[in-house]
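Chemist: Sequence:
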Amino acid sequence: MESPTPPADKPDVQKRKHSRAAASYPRKRATQACQTCRLKRTKFDSASLAILKRIDDLEALIQTKANDPPPVALPNVLCSSSSSSPNDIWASGLEQQTQLEPCFINIEEVLKWPVFDDHEFDPRLYLLSPSDESTVQPNLQTSVDLDLRVADHLVRSFFDNVHIFNPTLKEEDINEYVRSVQLNGIGWDAMSCLLLLIYANGSITTSFVRNGQGVDSTLFRQSKEFLQGEAYFLAAQKRMGMLLCRGGVIEVQCFFLAGVYLMTTLRSVEAWRMFVQALACCEGFSILRTNDCHEAAWETKQRVYWTCLKSELELRLELNLYQKNFLGLKYPTFFPSPPEELKSRDEAAWYFYLAEIALRRLENRILSYLYQPHDVIAKSNLESVILDFEEQADGW
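Numbering-wise, numbering that gives the first Met the number 0 puts 50 at position 51 of the sequence shown, and it's gapless, one number per residue.
In the BS3-like style, the derived pairs of lysine-lysine whose C-alpha atoms are separated by at most 30 Å in a straight line are: (1) Lys-169 with Lys-237; (2) Lys-309 with Lys-169; (3) Lys-169 with Lys-223; (4) Lys-111 with Lys-309; (5) Lys-237 with Lys-223; (6) Lys-309 with Lys-237.
Cβ pair distances, simulated, as ranges: (7) Gly-184 with Ala-354: 36 to 44 Å; (8) Glu-171 with Val-114: 48 to 56 Å; (9) Asn-183 with Lys-223: 23 to 31 Å; (10) Pro-113 with Arg-245: 48 to 56 Å; (11) Gly-247 with Asp-116: 49 to 57 Å; (12) Gly-247 with Glu-362: 28 to 36 Å; (13) Asp-56 with Ala-354: 41 to 49 Å; (14) Gln-221 with Val-275: 24 to 32 Å; (15) Gly-283 with Leu-218: 38 to 46 Å; (16) Gln-236 with Glu-282: 18 to 26 Å; (17) Leu-147 with Ala-295: 25 to 33 Å.
Bear in mind the hints are in silico, worked out from the structure with no lab data behind them.
As the structure is a computational prediction, the values presented were derived from the model and not from experiment.
Note that beta-carbon positions come from the ideal geometry of N, C-alpha and C, so glycine has one too.
Kindly produce the complete structure, drawing on both the sequences and the hints.
Modeler: Right under this line is the structure:
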């Protein structure tokens with residue numbers, strides 16, 4: 000008797016599942032298997048061919064890179080913008096070379112050039128700095144005059160001659176501080192310290208006059224304006240001790256303006272210390288930032304940080320202090336944003352401020368390129384690099 004045939008709709012043989020390799024690679028018979036697969040009688044599919052081809056490509060790429068000469072470091076085009084993330088405030092915007100020759104380009108090193116041998120310059124500029132004894136004024140007044148007309152004149156002098164180079168303050172806020180001090184008297188808080196430093200800087204600065212007759216520095220230190228500025232600065236110094244443990248914007252501005260005053264009166268080392276202290280206060284901005292911090296307040300902190308950093312790096316480069324190589328200088332990746340309520344008369348100051356920042360960064364790129372090891376710089380690329388630097392400079 001014949002056995003019953005199985006129904007057509009129920010086959011006894013199940014279909015074979017497709018492998019992952021078949022789903023990823025086209026299933027076609029290899030034209031020729033390798034010698035290893037022939038000996039082992041192993042099935043040879045397209046996936047194996049693809050893997051072997053990738054390995055061959057990687058091997059060829061590694062050999063090509065090993066035989067190539069070291070690449071020439073070309074300058075990057077300035078592409079930072081003010082829309083960077085606030086967390087980028089402490090990011091470095093300059094690529095650092097792995098091997099750099101120790102180089103110093105401050106004025107002391109320039110005076111050592113052979114071209115100046117016949118002039119008998121003393122390159123030790125610190126000998127020209129006024130000593131602690133020479134800066135003490137025996138008849139310096141200890142009280143400060145807060146007369147309304149004098150205060151308004153000093154504030155106007157500050158904004159016209161000092162603030163234009165680092166426009167980080169709001170004139171409306173300062174005028175409000177002035178009115179508060181005139182009603183309540185000078186206090187021992189950060190606001191009073193800031194006002195005293197504004198008065199000090201406003202006392203010793205005047206408008207620039209082209210082809211005007213200069214004033215001898217020794218005679219100026221005996222003038223009424225200098226003694227008045229020193230009195231305001233001494234009063235501000237007595238209030239700075241309370242600011243050391245605080246990290247607000249006003250505290251940072253106090254230390255920065257103290258550095259500006261000391262630089263104006265040719266006390267560069269003391270000024271650098273003030274800029275360092277201002278930067279130390281700025282370091283807490285990102286740590287203390289909360290989610291409810293307004294964008295305008297954060298942009299103000301960025302502007303203050305940029306100003307302090309720029310001044311500290313420039314002075315450190317010239318003094319050749321603990322940073323033993325100028326190529327270690329780093330700038331952030333962003334540009335400070337001008338305030339939204341910027342007035343038309345302040346636009347020129349902000350254009351100058353941003354252009355100065357851009358040129359400082361470009362200068363650092365040029366120095367980083369020129370002071371590389373000589374075997375890295377290719378003479379064939381030097382002309383194109385110079386043209387690129389000139390194009391960036393012309394853009395500003």
